[in-house]
Amino acid sequence: MIVKAALPLVAEYGAGVTTAKVARAAGIGEATIFRVFEDKEALLAACVAEALRPDALLASLAAVPLHRPLAERLVEALEAMREHLSRIGAVIGALHATGHLRGRETPRAGGAGSDPASGSAAIVPGSREEALAAPLAAVAALFEPERDRLRVAPEALARVFLTLSRASAADAGDDGRMPGALSPRELVDLFLHGALADER
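In UniProt numbering, the protein residues as written are 1 to 200.
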């Protein structure tokens, strides 16, 4: 309850949000916050963790009807991804803008998800790879009805589609679209049919 009340305030004020504001939004006394969280830093960390949770995204992806055409399924998935990434960006961006996350270590691609002791690419708990595993599986499931018609495996397509989703989220402005940016439907059409008009 406290974190859910704090999230929109963190997105608006970043690290400048006060515990008094959070308490008012949650309808509790300020002292209650410090019975739950050691300090404001712990509250902000909980807000970041909540923003990163993919639960709402996974629910949206699971709700996409598999009987609909693939293009429609992917448009819905892309819109859900953009919404999820927008929520993350609002919280992380506000904290960065107010100096809260600067200079902190962030997981590096290729390192966080491997197990150096075994020399394998096993997924490490808390790594970027673990965070992407569930969305990857959910998107791969959207390709399953067409498995026999696909040029590559659903898992490989899902990985490319998620990369496209993350890249396209950078084009989303406050109104969801920057000038010249492709709409979700246009991006899905490009993904499915390529860049050449005569390749359909």
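For the record, the hints were derived by calculation from the structure and aren't laboratory data. Bear in mind the structure is a predicted one, so any value in this text is a computation, not a measurement. One thing to keep in mind: the hints can contain errors.
[As the list claims (entries may be wrong)] Restraint-style ranges between C-beta atoms, simulated for each label pair:
#1 Thr98 to Val152: 39 to 49 Å
#2 Leu66 to Thr98: 21 to 31 Å
#3 Gly194 to Pro65: 25 to 35 Å
#4 Ala25 to Glu186: 32 to 42 Å
#5 Ile28 to Arg151: 50 to 60 Å
#6 Ala134 to Ser183: 43 to 53 Å
#7 Arg151 to Phe34: 48 to 58 Å
[As the list claims (entries may be wrong)] Computed cross-link-like contacts, DSS-like style, restricted to lysine-lysine with a CA-CA straight-line distance of at most 25 Å:
#8 Lys21 to Lys40
#9 Lys4 to Lys21
#10 Lys40 to Lys4
Even glycine gets a Cβ: it sits at the ideal position worked out from N, Cα and C.
Consistency of the hints with the structure:
{"no.": "1", "hint": "Thr98 to Val152: 39 to 49 Å", "verdict": "holds, 43 Å"}
{"no.": "2", "hint": "Leu66 to Thr98: 21 to 31 Å", "verdict": "violated, 43 Å"}
{"no.": "3", "hint": "Gly194 to Pro65: 25 to 35 Å", "verdict": "holds, 26 Å"}
{"no.": "4", "hint": "Ala25 to Glu186: 32 to 42 Å", "verdict": "holds, 38 Å"}
{"no.": "5", "hint": "Ile28 to Arg151: 50 to 60 Å", "verdict": "holds, 55 Å"}
{"no.": "6", "hint": "Ala134 to Ser183: 43 to 53 Å", "verdict": "violated, 26 Å"}
{"no.": "7", "hint": "Arg151 to Phe34: 48 to 58 Å", "verdict": "holds, 56 Å"}
{"no.": "8", "hint": "Lys21 to Lys40", "verdict": "holds, 12 Å"}
{"no.": "9", "hint": "Lys4 to Lys21", "verdict": "holds, 13 Å"}
{"no.": "10", "hint": "Lys40 to Lys4", "verdict": "holds, 15 Å"}
The structure fails to meet hints 2 and 6 from the earlier list, while all remaining hints are met.
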